[in-house]
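When you get a sec, could you build the whole thing from the sequences and use the hints?
Chain residues, written in single-letter form:
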Amino acid sequence: MTLESLYKYKELFQEYTELRIQKTSTVSISLLKGDIVSNRSNTASGACCRVCKDGMWGFSSTAETDDENITRIIEEATENALFLSSQEKSRKRELPGTPVMDSRDYGTKKTRVSQKDKIDFLKEIDNYIMTNCPGLSSRTVTMFSIDLEKTLLTSEGSESYRNLPRTNFYFQLTMDKEGKPVEITGITGGRGHFEEFESSRETIFKSIDQHYSMLLEKMDAVDAEAGIKDVILHSDLAGVLAHEAMGHTTEADFVLEGSVAKDYLHKKVASDLISITDFAHTFQGEECLIPIHVDDEGNKAEDVVIIEKGILKNYMHNKETAALMNQKPKGNARAFNYSDEPLIRMRNTAILPGKDKLEDMIRSIKDGYFLVKRGNGQADSTGEFMFSVPMGYEIKEGKLGKAINEITISGIAMDVLKSVTMVSDEMSWRTAGFCGKRQPMVLSMGGPAIKCKVNIGGK
Amino acid sequence: MNLKETASYALKCLKKELDSSSVEVKKLHKKEFIMESGRLNLLKTSSHSSLSLTGLSGHKKGSININKITPEAIEEAVSQVKTFAASSREDSANEIPPFQENKEFSTGPEDAEKEKMYTALKEFKESCNREFPSVVPSVSLTYSRSENYYLNSNGTSFISHKGAYILSGSFLATEGLKVSSLNTYSLHLSDLDTPLIEQASIRRKLKDTVNQLNTSPLPGKFTGEIILTPSAVSYYMNLLAGIISDSALISGKSPLKHMLNQRIGSPLLTLKSCPRSEEVTSTYFTAGGFEAEDTTIIDKGILKEFILGLYASNKTGHKRSLNSGGCFVIPPGNNNLMDIIGTVKKGILLDRFSGGTPTGNGDFSGVAKNSYYIEDGKIQHPLSETMISGNIKDILVNMKALSKETENTGHYSFPWIQTSGITISGK
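If you're matching them up, the sequences are chains G and H in order. Quick note: the first sequence uses this note's numbering, first residue 1, plus one each step. Quick note: the second sequence uses this note's numbering, first residue 1, plus one each step.
Careful, some of the hints might be misleading.
Among the chain G residues that face chain H by a calculated CB cut under 10 angstroms, a handful are [what the hints assert, rightly or not]:
hint, residue
1, Leu-31
2, Asn-39
3, Arg-40
4, Ala-77
5, Arg-91
6, Lys-180
7, Val-182
8, Ala-403
9, Asn-405
10, Ile-409
It should be emphasised that the hints constitute simulated quantities derived from the structure, not laboratory data. Where a beta carbon is used, it is the ideal one built from N, C-alpha and C, also for glycine.
Following this line, the structure appears as structure tokens:
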């Protein structure tokens, strides 16, 4: 549906109202040892309406986007908001925000390829692995793509259209070591439709070669020693640290709930070397992997400086928390599906690069670890975080040593960020998987390599 | 078209284009109250349909899910399934389930009054404020009603009607600068007759959340005993399920792949999967299109079944399991929880494990959350910055006591379980 076709519903808006039309489409193809174990697509499209009456919210959604159903959800959302506001002791509160108009389409301009072409592409990757990675006991090759297409109209006058596709390729290589599987996973891809990556075979093949080498090193890996250790976190892990360790605790809904960051605004929470920003759409003149110009409440998206030279500067807001804390919403309110209400979500969160060279950082450690790949991570209200590290190396007397077996690292975010003594001058970005917070969400993380102290779990 | 007619129409279209096929149509109605950070401020209502189509051309398979059920949308989706199947590769393991006796199932409340839901939640908030004033509850109370129609080209027809309430969310306590760890929960309820605060684990979790305001780390590292709360047992049973299911068995990565009908756990452990039991939430037919039946996965420590769908069964040569897993029940033991705690020389009571995805080998490593240090048979203090690591096989083999007490969340029913062989490391 076009934005213009929604204008007629404006006259039904009685209170603060958002009307959103959305289509979320995914395609998943997966080959396990060459067999196609997933060959499916999923499309969920529909309309939703959210209404605010004196601080109370009503929401209604429908898969049908005909006139009758859109009218119905506007009435139902309004009725839901009125029900709550009549029951709860609420008071009128203006929601901050200025109208904004924007239209972005990140869809491919190339001719769309067929499902068969995609399967053939994955088969080619699978054949490359079979030919070039001898000794594997299992291999998996997966393509997962998601398109998020949204059209938004709000009672305050915001209008936006956004089509944001993302495509990732995953490969997992497994070898047996004394009957036990040793594995490594590689991920490529990013913003854009499949067609944007069709010519990236060589990049994927190169990544496979690198991961196969790491897998061979992992076959001779040693156990890491448990306890607090000096480590270099590769840029890939520093991004997760920014996201998990500080990002979640500075989401204003979490702050209102009582997260550890609630008492530290404008206070020192990290080393002077650490600055963390949640970028809206642009970093150093380049478009971010998940560019957001207008969020799902119709707020203009701007960067949020979370930490500047070690000082906690800002929280991330939606309209409601911004109103409660007398701040300005900067585009962090996003919903995953048409049936979801917007929540405060990060967009492109990164630790900013410093001035150190990675080799100098490694040289500076007598006994520690270089952690190079990340698995999943979680954060807590206390600032305690963990994430798994499927690949890393010992550092002995300033030199890289043997590979280490998979570990989990943890720490208290502020303690770990205060322990940072070096930050590299190069950084990388990644978008893959989903962040979970009542709904999944696409976002990106970035960072340089950092030297810090973390708790290493182990036997 | 009603849902049954929609399913029949979709199957008719698929049969014209493909050799064998299946259809599942679902209609879901939801009412949801959301209390965020102690503020009840959102009421959501929704009504959605979804249509899952699977088709085989020979043994080449394609699947499409859409959420539109108009004839035009169905025809387009069928054409897409045909294209997907044609694009795929022959794999003789792909099959549509054979004919099964047609059945209709029904459970749970048929509707929910929003006033009753609102009152239940408001009373819950008041009880929390009165009894646990430092706790900030985030709660979602949802009523959902689903109608499912499954049909396949071999003549099977299943229909189910299910209504239920879901109470889920997290607790967090604050006091001055002190903040507790998040304590999450999810309960499946058939009615709202019992006050929410009295349901399953809720009061325990609220008490624990307050206790977690005053944590301290554990010095040093040791291999000790561990008592898993029912929430923690759930984590480890799901981990186990992962390594005896489709992908782990097909890839050959499962460390238990050769252990069918052999001992993998303590004789005290019996693990059942009960999708048809009244004890836990009901699932009448599997996603693969078989009528679900209750089954015993581990019987007194012996692995009796892998959790395999039809494709994985064909691929591995092992028997297809009678359900898709989940709905786990572990019968209680003979010991009082306090007596079990009394036997622990040095160990921890673990409620939540925050860890990375376990390796294919079943190794796990992560942070002990909402947990307590036990020494000389007594709970000493709540823990922070404590990591645990081990292997699921050790957890199963080393079980030495199961409590008489159980918690039934509606998703599972488990006792507290004492086990050992886990490395516990503090700061």
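Looking back at the hints listed earlier, which ones does the structure fail to meet?
-> 5, 8
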